[in-house]
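Please take these sequences and the hints and turn them into a complete structure.
Convert by adding 2 to the 1-based position in the sequence shown; the result is the number in the numbering used here.
Take every hint as true, because none was put in to throw you off.
Here are the computed lysine-lysine pairs in the DSS-like style, where the Cα-Cα straight-line distance is at most 30 angstroms:
1) Lys77 x Lys15
2) Lys77 x Lys218
3) Lys85 x Lys218
4) Lys213 x Lys159
5) Lys159 x Lys218
The set of hints was computed from the structure by calculation and includes no laboratory data.
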Amino acid sequence: MSIDITIGIITWKAKKLLKQLLDSIQTNVNSVNHEVIVLDNQSADGTVEMLESDYPDIRLVRNPTNEGVAPARNKIFSLAQGKYIVILDVDTEVLPRSMETLLDTMDAHPDVAIGGPKLVYGDGRLQLSCRPFPTLFNIIIEGTFLKNWFPKSSFVKDYTMEDWDHTDMREVDWMYGACLIIRRESLSTIGFFDESFFYLYEDVDLCFRAKKLGFKVMYIPEATVIHFLEREEKGLFHPRIRSHIKSVFRYLVKDYYGFARVKCRLNSKKAEVK
Numbered sequence: 003m004s005i006d007i008t009i010g011i012i013t014w015k016a017k018k019l020l021k022q023l024l025d026s027i028q029t030n031v032n033s034v035n036h037e038v039i040v041l042d043n044q045s046a047d048g049t050v051e052m053l054e055s056d057y058p059d060i061r062l063v064r065n066p067t068n069e070g071v072a073p074a075r076n077k078i079f080s081l082a083q084g085k086y087i088v089i090l091d092v093d094t095e096v097l098p099r100s101m102e103t104l105l106d107t108m109d110a111h112p113d114v115a116i117g118g119p120k121l122v123y124g125d126g127r128l129q130l131s132c133r134p135f136p137t138l139f140n141i142i143i144e145g146t147f148l149k150n151w152f153p154k155s156s157f158v159k160d161y162t163m164e165d166w167d168h169t170d171m172r173e174v175d176w177m178y179g180a181c182l183i184i185r186r187e188s189l190s191t192i193g194f195f196d197e198s199f200f201y202l203y204e205d206v207d208l209c210f211r212a213k214k215l216g217f218k219v220m221y222i223p224e225a226t227v228i229h230f231l232e233r234e235e236k237g238l239f240h241p242r243i244r245s246h247i248k249s250v251f252r253y254l255v256k257d258y259y260g261f262a263r264v265k266c267r268l269n270s271k272k273a274e275v276k
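Written as structure tokens, this is what we have:
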């Protein structure tokens, strides 16, 4: 029987969150033929033992080193057998009918390469997960105190798309990578994630390349996924903050300033879709 969806999850020292996510998949993804691939980045917290004992049907990939989000997701892409690949952050929870709705919508819109559900916080509040492609000005505002000083200004609200109620399906530039559904066959044209983005902006870049090639990126609010947004970032010198800053500069050089004006080698792999 053919697989409709490959669900890919990366985990690192998040045993409790991973169990919560996997239980939600087992409970709420029933009418879709699917496989689940979990890539563990050397958690050393009992995650592997839990997966082997409690979730024997899940395909476990043990990564020898933590290479970052993009390389890990690319490994999942290489192993995926589904018509579509759903990438899920470990701090998410799948709600009833969410995967079915994403699948049905992608099947109905063959020109869409990447789709994303409505994301909500743990308390049910809407998470503003859609964005236009960021400019240097947007990045400065988002990354500094200016966003908090002028929260209702047009330059903040236009970027966060706050004035849109997020109830209608629409084409967008990019969405948070906490949950994305990707048409696997389109990866042979778009390419995999660019592995020079260690942490963040790899989702922006993938959507940028998809749209540059004429594919659509679609927000699908009929599907809902909880995103708890569990991050521990402590100060400018925290490794994740440093990686974030590097990714910002990588995006600005590669995508914002354009391929023609700046010589920048694309490190993303091309998929071999079988």
